[in-house]
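There are 2 protein chains.
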Amino acid sequence: MEITKQLKFNKDGLIPVVVQDWKDNVVLMVAYMNAEAFEKTLKTKKATFWSRSRQKFWIKGEQSGNIQKVKEVYYDCDADCILLKVHQVGDSACHTGYRSCFYRKLSFTGNTRITGKKIFDPKKVYGK
Amino acid sequence: MEITKQLKFNKDGLIPVVVQDWKDNVVLMVAYMNAEAFEKTLKTKKATFWSRSRQKFWIKGEQSGNIQKVKEVYYDCDADCILLKVHQVGDSACHTGYRSCFYRKLSFTGNTRITGKKIFDPKKVYGK
Numbered sequence: 000m001e002i003t004k005q006l007k008f009n010k011d012g013l014i015p016v017v018v019q020d021w022k023d024n025v026v027l028m029v030a031y032m033n034a035e036a037f038e039k040t041l042k043t044k045k046a047t048f049w050s051r052s053r054q055k056f057w058i059k060g061e062q063s064g065n066i067q068k069v070k071e072v073y074y075d076c077d078a079d080c081i082l083l084k085v086h087q088v089g090d091s092a093c094h095t096g097y098r099s100c101f102y103r104k105l106s107f108t109g110n111t112r113i114t115g116k117k118i119f120d121p122k123k124v125y126g127k
Numbered sequence: 000m001e002i003t004k005q006l007k008f009n010k011d012g013l014i015p016v017v018v019q020d021w022k023d024n025v026v027l028m029v030a031y032m033n034a035e036a037f038e039k040t041l042k043t044k045k046a047t048f049w050s051r052s053r054q055k056f057w058i059k060g061e062q063s064g065n066i067q068k069v070k071e072v073y074y075d076c077d078a079d080c081i082l083l084k085v086h087q088v089g090d091s092a093c094h095t096g097y098r099s100c101f102y103r104k105l106s107f108t109g110n111t112r113i114t115g116k117k118i119f120d121p122k123k124v125y126g127k
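Residue numbers (numbering that gives the first Met the number 0), protein chains in the order written: chain E, 0 to 127; chain Y, 0 to 127.
With the rest of the complex left out, here is chain E (with noise of 0.2 Å):
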């Protein structure tokens, strides 16, 4: 597609993608697509990434069903990062079972207090 060619991915051939949940605005979680991912996104309105550690496409929620349907997608000034606004099934986006990858708050002077939301539990889904 021609916006493909318009969006700028870094050396490894990604571009950072931020997930929203689009009834509220809360951050689910961020991942990275290549330019395949990024049109296997806008063709299937599921959210589609690239896996980093599998190196492999990613189809989110594939294993868990906890998959994210596209509202939403904004790409950003510079063209190097992606937002999606999404619906996400299942209520949790994260593999630790809290609702958003962001479920660990930082104080000013560096300690960490959990504040997300369990969702499920991940030896349920995935097993061990």
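Only true hints are included.
Stretches of chain Y that chain E covers, calculated by requiring three or more beta carbons in the stretch to come under 8 Å of a beta carbon on chain E: (1) 11–20; (2) 90–96.
With a Cα cut of at most 20 Å, we get these calculated SDA-like pairs of lysine to any residue: (3) K22(Y) - V25(E); (4) K84(E) - R112(Y); (5) K55(Y) - N33(Y).
Because the hints were derived from the structure by calculation, they are not lab data. Yeah, the Cβ is synthetic: ideal placement off N, Cα and C, and Gly gets one too.
Here the structure of chain E is known, so what remains is to put chain Y in place on it, guided by the hints.
The following block gives chain Y in isolation, referenced to the frame of chain E:
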């Protein structure tokens, strides 16, 4: 700080940072911090990044006056991304004058439409 050691900076020593308006959770921008920018941000409560284009510290708003007063800090499950909730002074985060850097919406067929709100004229703020 201890927490800085737990964060996973990439091979360039950077970590992506999503910046949200704490009032309504609008995503204003995505930028990058190195370890020192991260610690400066916690210490000063002013969002401070590492500018990849200029290769120097960048206190957001130092030129325009549109600084970001940090209200809350989160980090994600993989400890490789940070989320800031900020009070955006001047109501605009983007150097283009739009409130958010994500002022362009994409249709599923790849067409771009400007949906963001322009807050200021960049020529008046930054000069030519």
